[in-house]
Amino acid sequence: MTDTAIEIKNLHFSYGRRKVLTGVNLNVPKGSIFGFLGRNGAGKTTLIKTLLGLQKSSAGTATILGMDCFAHALEVRKRIGYMAEDQQMYGWMTVGQIIRWVGAFYPNWDNAFTDRLVDMLRLSKQTKVRALSKGQNSSLALLLALGHHPELVILDDPTLGLDPIARKDFLRRVIDLLQSNGVTVFFSSHLLYEIEPVADHIAILDDGVIRKCGKTEMLRETVRKFIFTPKPEADLASLPGLLDLTVAGDNIAVTLEQCDAQTRHKIRELSQTAMEESALNLDEIFEACVIGNKTPAPQPAG
Amino acid sequence: MKLGPVIHQQIVQLKWHVLACLGLVMAMPLEEAVMNAWQGEGFYAGRLSLFIPIIAAPLLAGLIACANVQADLDDKRYLFWRSRPAGVKTFMSIKFLIGMVTALIIIACPFVFAFVTCQIVQTEKNEREFFVVIAVFQLISLLTYSVCFFCNVLIRKTARAWLVGMAAACLMMVLPFILPFHFKDIVGDVLVVTSAVYLSITIGSSALAFALSLVAADRNWHLHTNLKGLLWAGAAIVFLLAMLFSRQVANIKVLDEIKLESGWGWDAPFYRIDDRLYFHGRQEIQTSDGRIKVFEAADWFKTERSWTVNDHNRPDHSEQKLELRTYPALHAIYRRINGQLYAFALHIYSKRGMIEYKHAYLRSFKVLNDELFPVSTLDVSECLASEEDSFNRFAIRLIDDKIIAFVGNQCLSAAVNESGEIELLDREPLTRYHILQKDRNRIIQIPLIKTDTIDFQERIRFALDYTYKPSWIVGDSIVDIHNNTIRYYLVSDQDVARYEVLRWDDDYIYCRFQSARPFTFLEQLDRGRSLRLERYFIRNGKLYAHGMQKLMVFDVRSERIRKLGHWERLTDNFGITDMEVLEDGNLVMAVSTGWHQHTDGVHYATFTMYVLKNPE
Chain A
1 MTDTAIEIKN LHFSYGRRKV LTGVNLNVPK GSIFGFLGRN GAGKTTLIKT LLGLQKSSAG
61 TATILGMDCF AHALEVRKRI GYMAEDQQMY GWMTVGQIIR WVGAFYPNWD NAFTDRLVDM
121 LRLSKQTKVR ALSKGQNSSL ALLLALGHHP ELVILDDPTL GLDPIARKDF LRRVIDLLQS
181 NGVTVFFSSH LLYEIEPVAD HIAILDDGVI RKCGKTEMLR ETVRKFIFTP KPEADLASLP
241 GLLDLTVAGD NIAVTLEQCD AQTRHKIREL SQTAMEESAL NLDEIFEACV IGNKTPAPQP
301 AG
Chain B
1001 MKLGPVIHQQ IVQLKWHVLA CLGLVMAMPL EEAVMNAWQG EGFYAGRLSL FIPIIAAPLL
1061 AGLIACANVQ ADLDDKRYLF WRSRPAGVKT FMSIKFLIGM VTALIIIACP FVFAFVTCQI
1121 VQTEKNEREF FVVIAVFQLI SLLTYSVCFF CNVLIRKTAR AWLVGMAAAC LMMVLPFILP
1181 FHFKDIVGDV LVVTSAVYLS ITIGSSALAF ALSLVAADRN WHLHTNLKGL LWAGAAIVFL
1241 LAMLFSRQVA NIKVLDEIKL ESGWGWDAPF YRIDDRLYFH GRQEIQTSDG RIKVFEAADW
1301 FKTERSWTVN DHNRPDHSEQ KLELRTYPAL HAIYRRINGQ LYAFALHIYS KRGMIEYKHA
1361 YLRSFKVLND ELFPVSTLDV SECLASEEDS FNRFAIRLID DKIIAFVGNQ CLSAAVNESG
1421 EIELLDREPL TRYHILQKDR NRIIQIPLIK TDTIDFQERI RFALDYTYKP SWIVGDSIVD
1481 IHNNTIRYYL VSDQDVARYE VLRWDDDYIY CRFQSARPFT FLEQLDRGRS LRLERYFIRN
1541 GKLYAHGMQK LMVFDVRSER IRKLGHWERL TDNFGITDME VLEDGNLVMA VSTGWHQHTD
1601 GVHYATFTMY VLKNPE
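Chains as they are written, first to last, in the numbering used here: chain A, 1 to 302; chain B, 1001 to 1616.
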């Protein structure tokens, strides 16, 4: 038995000439809630479709629960639950019909469990799917992803289109339902504040490349921001692990990853000016990773 | 995967489409049945009301296919069920089959309704017709359903997929009909639009479309289309097809034409006499650079027919009231020897109105100052079969300086000397005929004429021509001898068939069917009027075949028989009476165009003479 729910090694994927994923490496531990961050178009859904065996990678391997995603796609899908962004279902079906219909695909579908979920999620089996609100639609999609007691749940931007209250409500339910059962959750989103409170592991995907990957706490500890006043003479752009360098008036701020005692010592050596160190939240870490400047902006003449 | 809920989902999903389609196809039959009942004729739907279902059936089948696919292959819904452990091939197969059965049941409904109500009221009882119509439209609908299904799996936009699917299905159905394309004529012995082959094409294409749908769904092939591009592509295909179609139906080019009148009736053949071409016993035809000129023929030619019968009808025969038949019919065979024109004919005398032959003569005449003078007469009456033995064959052909003739039950060979006199060389009994077997897979055995005075190839040619086309024996041949290969060609209602001479011995020629070029649907369409063949012959590697309203030219020396061109005029009062290949390679064709009454009250047959460019 492996302790890894998802293992991705050097995965590449292209749509024709356009590279979407480039050398992605990822390990999702069993039982973790794994936040998969990325901007729209970063390649999150493409990676998830590859994990579901819906498309074949150009190179590399991806295994879920020890099985090759493409070669054993049906077996993999029997053991995982998937909820897509903006899930569209059959509007003409009632909630009861769609539960019965989806249940037909799974040998271990638990009708009693889904009945409990129907009550818990405040759904009515007689309601037509097209009559559900967006929040109810998401709840139903979640129900359909969990009805067979999956070992791994993949949520691809599950709260897309929900209002803030509905989003919080949905996330609370997800945590309630999954956290206590030891189910691995692979949670893809571009909304960082959504992931931050729940995810114990984070990966940041940008332009098809994993920029950052690790435990959430570890990221918070190792990614630091230093603000120098006034600007030091030294070349801060050469600092190791530089994620972002921002000049604002007389101040200069640098964001560094893997920031340890040695890095701090080096910074003090370079700079003789006053320096302030601060921790970043996930939102700021994501911003630094994805859109951070690695060179100082040009100064106005004079 | 439990199939029950999946099948149920597919059926319920189609519910409204089914009801809408059913309403559409049943509206007319129901209305007609109600109207008939109202008028006291009984509650039944006749053929008339089936017109709309017939037209609508393939369209509706395609629509049901597209709607069926779109319900599950819409981008996000596709992901919804594909992310489940559903075998995509099983899922799509269920979807295809349920949609197909539904469509076919809907399409059959009006026909079954009409059939059942007609049975009850006992009117229009034509069971076979009903079932044939049902079967044909089920097949066409199956094709449109399958192709549209595949197109929507690919395109995933209902309207576009339906348009493309219907166009593709139409193309598949029409293509075998409009093939061969004029410039290639790729129809060979492989593709023949018979019902069996058409059935295979329809079912084969449907099966292929189904298989491709499974692959496309499994691999998530998605063809991104834009409507403008599709319309342009469609227009380009239609234009291309129209061009190909028009090339196929285009007539051979007419270089010149001239109108003529004749009081001799409408049966107007050409006669090739020496190096001149005569028409209808009156006009001499001359062509130059594709232009046609007509001159009055010499007097002797115009009167030769009556002269043959009267002046040389020997008195003793006349007294016995014998009837004369000439071979070739009407005119003689002409040949110029040392600058002098001679005529040759076989004259047979029989009792009037009876098939009892009394005398037979091979005769030659000299043409001098527009008159014919007898040169020699060879009495070959001994060759005629006895009254008990009715085996009599008559034919004559001049090959170089030898006359080969069938007289009674004998094959004669006679030499023609420089003075135009005929001298008997040998006489051999004819082999009695075998009934020609029609099984193309078997070797065909044809009696060979027994004379050593002409070479083998000409013996074979004569034997084959006489076997199949005895009435054309004088000038026409169905045999093509090329590169030491001897082949002959038979044209039927269905095809142009090529036979090859395999070997021969002293008694027989052994032949085998080799291939056929079937007539396409278009070529057979007007078969009743124009393709009923009057005559066909081979000349310089080309086969010319004409009926009353159509001429077709085929290249028979290529690996496969290819049609080179045709000329057709589907109008009334139009009948091709004869055609000839001119020295310059062009064709001349005489067409009877009706009658015209002059002011003197006499009726004249009117003709149009065409010079056509021989297609290459």
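Worth double-checking, as some hints may not be accurate.
Derived Cβ-Cβ restraints for the label pairs, each shown as a range [stated by the list, open to error]:
{"no.": "1", "chain 1": "A", "residue 1": "GLY161", "chain 2": "B", "residue 2": "ARG1047", "range": "31 to 39 Å"}
{"no.": "2", "chain 1": "A", "residue 1": "ASP119", "chain 2": "B", "residue 2": "HIS1008", "range": "22 to 30 Å"}
{"no.": "3", "chain 1": "B", "residue 1": "SER1200", "chain 2": "A", "residue 2": "GLY161", "range": "17 to 25 Å"}
Under the rule of at most 25 Å between Cα atoms (straight-line distance), these lysine to aspartate or glutamate pairs were calculated in the DMTMM-like manner [to be verified]:
{"no.": "4", "chain 1": "A", "residue 1": "LYS49", "chain 2": "B", "residue 2": "ASP1218"}
{"no.": "5", "chain 1": "A", "residue 1": "LYS231", "chain 2": "A", "residue 2": "ASP207"}
{"no.": "6", "chain 1": "A", "residue 1": "LYS49", "chain 2": "B", "residue 2": "ASP1074"}
{"no.": "7", "chain 1": "B", "residue 1": "LYS1358", "chain 2": "B", "residue 2": "ASP1400"}
{"no.": "8", "chain 1": "B", "residue 1": "LYS1076", "chain 2": "A", "residue 2": "ASP283"}
{"no.": "9", "chain 1": "A", "residue 1": "LYS134", "chain 2": "B", "residue 2": "ASP1074"}
{"no.": "10", "chain 1": "B", "residue 1": "LYS1259", "chain 2": "B", "residue 2": "GLU1559"}
{"no.": "11", "chain 1": "A", "residue 1": "LYS78", "chain 2": "B", "residue 2": "ASP1401"}
{"no.": "12", "chain 1": "A", "residue 1": "LYS56", "chain 2": "B", "residue 2": "ASP1289"}
{"no.": "13", "chain 1": "A", "residue 1": "LYS128", "chain 2": "B", "residue 2": "GLU1371"}
{"no.": "14", "chain 1": "B", "residue 1": "LYS1002", "chain 2": "A", "residue 2": "ASP115"}
Which residues of chain A face chain B? A few of them, derived with a C-beta cut under 10 Å, are [claimed, not checked]:
{"no.": "15", "residue": "ARG79"}
{"no.": "16", "residue": "MET120"}
{"no.": "17", "residue": "LEU121"}
{"no.": "18", "residue": "ASP250"}
Calculated from the structure, these hints are not laboratory results. The C-beta atom is built at its ideal place from N, Cα and C for all residues, glycine as well.
Is LYS134/A within 25 Å of ASP1074/B, Cα to Cα? holds, 19 Å
Hint ARG79/A vs chain B: min CB-CB distance below 10 Å? holds, 9 Å
Measure nothing beyond the straight line between the CA atoms of LYS49/A and ASP1218/B; if it is 25 Å or shorter, mark the hint as holding. The hint holds at about 14 Å.
Should the interface hint for MET120/A be scored as holding, given a Cβ-Cβ cut-off of 10 Å against chain B? violated, 22 Å
Pair hint outcome, LYS1002/B versus ASP115/A [Cα-Cα no greater than 25 Å]: holds, 20 Å
Pair hint outcome, LYS1259/B versus GLU1559/B [Cα-Cα no greater than 25 Å]: With a Cα-Cα distance of about 40 Å, the restraint between LYS1259/B and GLU1559/B is violated, given a limit of 25 Å.
With a cut-off of 25 Å on the C-alpha distance, tell me whether LYS128/A and GLU1371/B pass. The given pair, whose Cα atoms are some 105 Å apart, is violated under the 25 Å limit.
Against chain B, run the beta carbon of LEU121/A and see if the smallest gap drops under 10 Å. The hint is violated - LEU121/A has no Cβ within 10 Å of chain B, the shortest such distance being about 18 Å.
Quick check: does the Cβ-Cβ distance between SER1200/B and GLY161/A fall within 17 to 25 Å? violated, 52 Å
Taking only the CA atoms, is the gap from LYS231/A to ASP207/A under or equal to 25 Å? violated, 32 Å
Determine whether the Cβ-Cβ distance between ASP119/A and HIS1008/B falls within the hinted range of 22 to 30 Å. holds, 25 Å
Take a quick look at whether LYS78/A and ASP1401/B sit within 25 Å of each other, Cα to Cα. violated, 94 Å
Against the hints set out earlier in the document, violations occur for numbers 1, 3, 5, 7, 8, 10, 11, 12, 13, 16, 17 and 18.
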